[in-house]
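Construct all of the structure, not just a fragment, from the sequences and the given hints.
Chains as they are written, first to last, in this note's numbering: chain F, 56 to 167; chain U, 1070 to 1522.
Each hint should be verified, as a subset may be incorrect.
Heads up, simulated DSSO-like pairs for lysine-lysine below, C-alpha to C-alpha not over 30 Å straight-line [claimed, not checked]:
1. U:K1406 / F:K95
2. F:K67 / U:K1447
3. F:K72 / F:K58
Hints were generated in silico from the structure; no laboratory data involved.
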Amino acid sequence: MQKIEAVIQPSKLDAIKDALMEAGIGGMTILEARGHGRQKGHTEFYRGREYTVDLLPKIKLEVVVPDELAETAIRIITSTARTGKIGDGKIFVSKIEEAIRIRNDDRGAGAL
Amino acid sequence: MRRISCKLMPLFVLLGLPGHLAFGQTGAAPAISSADNAWMLVSAALVLMMTGPGLALFYSGLVRKKNVLGTMMQSFAMMAVISILWALVTYSLAFDSGFSFIGGLHHVFLRGVGLGPDPAYGGTIPVQTFMIYQLMFAIITPALIAGAFAERMKFSAMLVFMVLWSIFVYSPMAHMVWGKGGLLNASLGGRFPTLDFAGGTVVHITSGVSALVCALYLGKRVGYPKEQMAPHSMVLSFIGACLLWVGWFGFNAGSALSAGTLATSAFVNTHFAAAAAAIAWAASEWLRNGKPSALGAISGAVAGLVAITPAAGFVQPMWAIVIGLIAGGFCYFMVVKVKTWFGYDDALDAFGVHGAGGTIGAMLTGLFASSAINPIFKDAKGHVLASGALEGRWGQLLNQLVGVAIAWAISIVGTYLILRFVDAIIGVRISPEAEEEGLDLSQHGEEGYDLAS
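Pasting the structure below:
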């Protein structure tokens, strides 16, 4: 099993969610996050004072998938979230040792 | 009718009725006008709406979210405390005849403030309507000061400060400009007749200049100006500013004290000045920062409303637009440039908007006042005299200057002494820990936004 964590633009969430569902990846966790990578934020003016906002609103999406679906999920996220501009986000992939469904103690890929 | 009432006079005396009351009921003296009274009651409600929710929203959107309720409470507390104080003593201090500088005590506990008219205060409305209308001004004026000491004043100290301020700064100033026998009263023959239709000196200079004194006395907020202290909700401020604009029709047009043509003049001028100033401020920003902000547009509108306040019932509509344009540009300059130069932490720009806008508005009133709009000055034979400098009455500028100078002086001295006193008995500023925690939790034990519950 693999965990795919994708930090994306909030506006891309719905499209990614729908595309993943279509590919049979139904479960996911969404976190509202703030952060920055190379995108350096922006400045705001309030009554002449300049404020720099360097932590921007982002969505962090987490899905855990069986190994064979991992590349599909990554492809879906990159193709859907990409605009080609700085700030599109990043994907991190890691191995998951075990998954357990709380309701009935199912384990492994069957619990996903 | 007059003759009848004279014949009846001995009867009234016999019955123990006050002669003038019975006289009023015969219809010979100016009677109560239901139309005027209806407009004045609506105006009173509109002016209250300016404080809550108008000013409460405007200010609380500009602070950080840990201070949102504390800032709203500063406005709301005035609605409660100043009201009771008004009934007890401050109405009398402001509007009883008395001395040049302050009224007497004949109307404490609202004694003699009945349902009959008073020719000096409207004439066609119950004096009680006048009293409740004026109360709404007494409420918003101290509430405006709160913009300067936002996010760092102790609630208890603020209450005591506001009560004393209302007694020793607001009441004398209101008496001088609008009260019977007042030194600056233009319609009742004051020594230095200052044209102030709806409170440029009484409301905006006193609150704005006192705000500056508060900002200097309390010192900067912890972390100012290094830390970011951006407004937490422009949406709240936006709604608040729009409510202020609408409420201001009651404030200015209501100051005609009747529903006649003068109210129309004041209404029209109020609107055009606000619009012009919104454009001036937003355009200044657009030129300087490349973008016109919502905060700039609404701040400009408020600045225009402040500046037109003394002039509303005196000038032609085109001059109202000029006053608005000047005020929008001038207040923008005060807030963006002057505040930075001197480095005082007038957190929500109470001085930059109300002090500066009120001062320039009061002076421009003396320049543009028109006797065609409001024939306030008459000679002994009743002939109408010029009102403003552009009509040839250049001395009026001097009168305006006297009014402005007195308003500045009483605000600086009064506010400073009251702050010293309150600081000695309670302490005016919250602890740095409480400031870090925010007014909501440290002063009131609640939170504005509890999104977890």
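Each hint, compared with the structure:
1. A threshold of 30 Å between alpha carbons decides the hint, and for K1406 of chain U with K95 of chain F the separation of about 28 Å falls inside it, so the pair holds.
2. Proximity of K67 of chain F to K1447 of chain U is assessed by CA-CA distance (about 72 Å); at most 30 Å being required, the pair is judged violated.
3. Only pairs whose Cα atoms come within 30 Å are accepted, and K72 of chain F paired with K58 of chain F is accepted, the gap being roughly 16 Å.
In summary, the one numbered hint that this structure violates is 2.
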